[in-house]
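All chains, full assembly: derive it from the sequences and hints.
There are 2 protein chains.
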Amino acid sequence: MSFQQKLEIAIKKNNSLLCIGLDTDINKIPKHLLEKNDPVFEFNKTIIDKTNNLICCYKANIAYYSALGTKGLESLIDTIKYIHEKYDIPFILDAKRADIGSTSEQYAIEVFDVLNTDSVTVNPYLGIDAIEPFLKRTDKGIIILCRTSNPGASDFQDLITGVASQAHPRGGYRLAPQESYKPLYLKIAEKVVEWNKKYENCLMVVGATWPGEMKKIRKIAPKMFFLVPGIGVQGGDLEKTLKNGLTKEKSGLIIHSARAIIYASSGKDFAEKSRKKAIEMRDLINKYRI
Amino acid sequence: MSFQQKLEIAIKKNNSLLCIGLDTDINKIPKHLLEKNDPVFEFNKTIIDKTNNLICCYKANIAYYSALGTKGLESLIDTIKYIHEKYDIPFILDAKRADIGSTSEQYAIEVFDVLNTDSVTVNPYLGIDAIEPFLKRTDKGIIILCRTSNPGASDFQDLITGVASQAHPRGGYRLAPQESYKPLYLKIAEKVVEWNKKYENCLMVVGATWPGEMKKIRKIAPKMFFLVPGIGVQGGDLEKTLKNGLTKEKSGLIIHSARAIIYASSGKDFAEKSRKKAIEMRDLINKYRI
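Residue numbers (the working numbering), protein chains in the order written: chain G, 1 to 290; chain H, 1 to 290.
Derived from the structure by calculation, the hints contain no laboratory data. There could be a bad hint or two in this list.
The list makes no distinction among identical chains, and a pair is therefore deemed to hold if it is satisfied within one copy or across any two copies.
Said to hold, decoys possible - Distance condition first, Cα-Cα at most 25 Å in a straight line; then the derived DSS-like pairs of lysine-lysine:
{"#": "1", "residue 1": "K182", "residue 2": "K219"}
{"#": "2", "residue 1": "K223", "residue 2": "K197"}
{"#": "3", "residue 1": "K268", "residue 2": "K6"}
{"#": "4", "residue 1": "K287", "residue 2": "K215"}
{"#": "5", "residue 1": "K28", "residue 2": "K136"}
{"#": "6", "residue 1": "K86", "residue 2": "K250"}
{"#": "7", "residue 1": "K36", "residue 2": "K268"}
{"#": "8", "residue 1": "K81", "residue 2": "K71"}
{"#": "9", "residue 1": "K86", "residue 2": "K198"}
{"#": "10", "residue 1": "K273", "residue 2": "K36"}
{"#": "11", "residue 1": "K71", "residue 2": "K36"}
Keep in mind the model is a prediction, meaning the values are calculated, not measured.
Structure, rendered in C-alpha cells:
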C-alpha cells in the first residue's frame with residue numbers, strides 16, 4: 001500500500017488532518033520520566049497511546065534524536081517500530097535529506113531501511129537526480145520542500161526566476177517571455193507536479209506562515225497532499241491556511257503541530273493534557289472541512 | 001583556532017590541496033577486513049595512517065555511515081576521534097543539513113558536539129535563519145552548497161533570478177533592472193560573501209564538473225575556500241578547475257577525491273595503493289600551483 005493510501009485511511013478512520021510532531025527534547029519532557037531507562041521513548045509511547053485515534057499521522061524531526069547521539073537514534077527507531085506494530089498510523093521522518101545520486105541512495109537506506117519510516121522530507125536544491133533515489137521507493141511518501149515555514153524562506157524561495165534564452169549582447173541574460181517569470185518556490189512546485197506524474201508518491205512542504213503562497217501552490221497542485229508546519233509557536237494562520245489549502249474534497253493537508261501539543265503539561269498528566277490539546281486542534285481544523 | 005587556520009596550516013605543512021573522502025562502503029572494502037570487530041573503522045584508520053602527510057583534510061559523507069545504523073555512526077565517531085587525537089588534520093563532515101532555526105540548532109549539536117567535526121556542509125534553500133545556528137559556531141567551517149557537482153545541479157541552480165520590484169499590470173512580475181539578473185547559484189554566492197563578512201567562517205561547495213561556473217564564483221569570492229567534489233568517477237575537469245578556481249596565492253581550493261583513492265586496490269595492499277594514488281593526485285594538483 002502506498003503512503004498516500006495509508007494516510008487517506010487514517011484521515012477517514014480518525015476524521016482528522018492533524019499530525020503530531022514527536023520532536024522530543026529531553027530537556028523539556030516531564031522530570032519524572034528521566035529516571036526511566038529511555039525517557040525519550042517512554043515520553044513518545046505515552047503520547048502515542050493517548051493520541052493515536054485523533055490524528056492522521058505522526059512526524060518526528062530526526063535532528064532532535066541525532067543531537068542525542070546513537071542513544072537518541074535508538075529511541076527514534078523504537079518509536080517508529082512501536083507505531084508500526086501497534087497502530088495503523090503512517091509515520092513521516094522530517095530529515096530534509098538530499099545529495100548527489102550515489103549518496104542519496106545511502107540516505108534512502110538510512111531513512112527507509114534503517115529507520116523504517118513511511119515517508120521522508122527532502123530538499124530540492126540539488127535537482128532531480130538527488131531526489132530520484134527517494135522517488136524510486138514508490139511505496140514511500142516523498143515530501144519535497146517547496147515553501148518552508150521559517151522567516152528566511154523568502155531569502156531564496158521568493159526570487160523571481162526565468163529561463164535565460166540567450167546571453168544579452170550588452171552583458172547579463174535575456175530572459176524568456178515574461179509569462180514564464182515566477183518565484184522559485186512555484187517553479188519547484190511545477191517540477192514536483194511533473195515528477196509526480198511518473199512516480200505518484202510526491203507531497204510538498206508548505207508552511208502555514210505563508211497562506212498567500214499556499215493558495216498559489218494549491219492552484220498548481222490541486223490534489224496533492226501538503227505537509228503544513230508552522231501552526232502554533234511559529235505563528236502560522238490556521239484559518240487562512242485551511243481556506244487556501246484544502247482540496248475540493250476538504251482534504252489534502254497534513255496540519256503539523258509539535259510543541260503546543262506534546263508540551264501541554266510538564267506534570268504526570270502530560271499525556272492527558274496532550275490528548276486534550278490534540279482534540280481541540282483536530283476539532284478546530286474540522287470546522288473548516290464541512 | 002578557526003577551521004580556516006587549521007586548514008591553511010595543513011596545506012602548508014603537507015604542500016597539498018588534496019582532501020581524501022572516507023566514504024567507506026562496507027561492500028567495497030577489502031574482504032580480509034570483514035573479520036575485524038569494526039571493519040569500517042579499521043579501513044579508515046589504515047588509510048589515514050598511510051595518507052595523513054599527503055593531504056590538507058579528510059572528509060566523510062555521513063550518509064555512508066547512517067546507512068549502517070548506530071553501528072555505522074560509532075565507526076564515524078571513532079574515525080573523527082582518531083584523526084583529532086593522532087594528527088593535526090582538520091575534518092569535514094559532508095551532511096548537507098539545514099532546517100528552521102530551532103531545528104538547525106539541534107543539527108549543530110549533532111555535527112559539532114556529538115560527531116565533533118571541524119566543518120560541515122549545509123544547504124541554503126531555507127535561507128539565512130536556517131544556516132545561522134551553524135554560522136554562530138565561529139571556530140567551525142561552514143561550507144554552503146553553491147554549485148553542486150551532480151548533473152541535476154542545473155535544474156534549479158541555473159535558473160536566472162531577479163527581484164520583483166512590483167506586480168506587472170498585465171499579470172506576472174515586473175523585474176528589477178537587468179544588470180541584477182543572475183543565476184541562482186551566483187545569487188547564493190553573493191549572499192555567502194555577505195554572511196562571511198559577519199561570521200568569517202564560510203566556505204562554498206563548487207563542483208569540479210562545472211569549471212565555467214567555478215570561474216564566475218571565484219570572481220565573486222576571490223579569497224574564499226571552495227570545497228571541490230566531482231574529480232574522478234564524476235568526470236570533473238581538474239585542469240580547468242584549477243585554472244579557474246585557484247586564488248592569486250595558488251590556494252583556496254580543497255580538491256576532494258574519494259572512490260579513486262580509497263578503493264585503489266581491494267587486496268591487502270589497499271592502503272599502500274591508496275597512498276600511491278594520493279601522491280599522484282597531490283602532485284598533479286601541485287603542477288598548477290607553481
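Okay, which hints does this one fail, numbers in order?
-> As far as the earlier hints go, 3, 6, 9 are violated by this structure, in ascending order.
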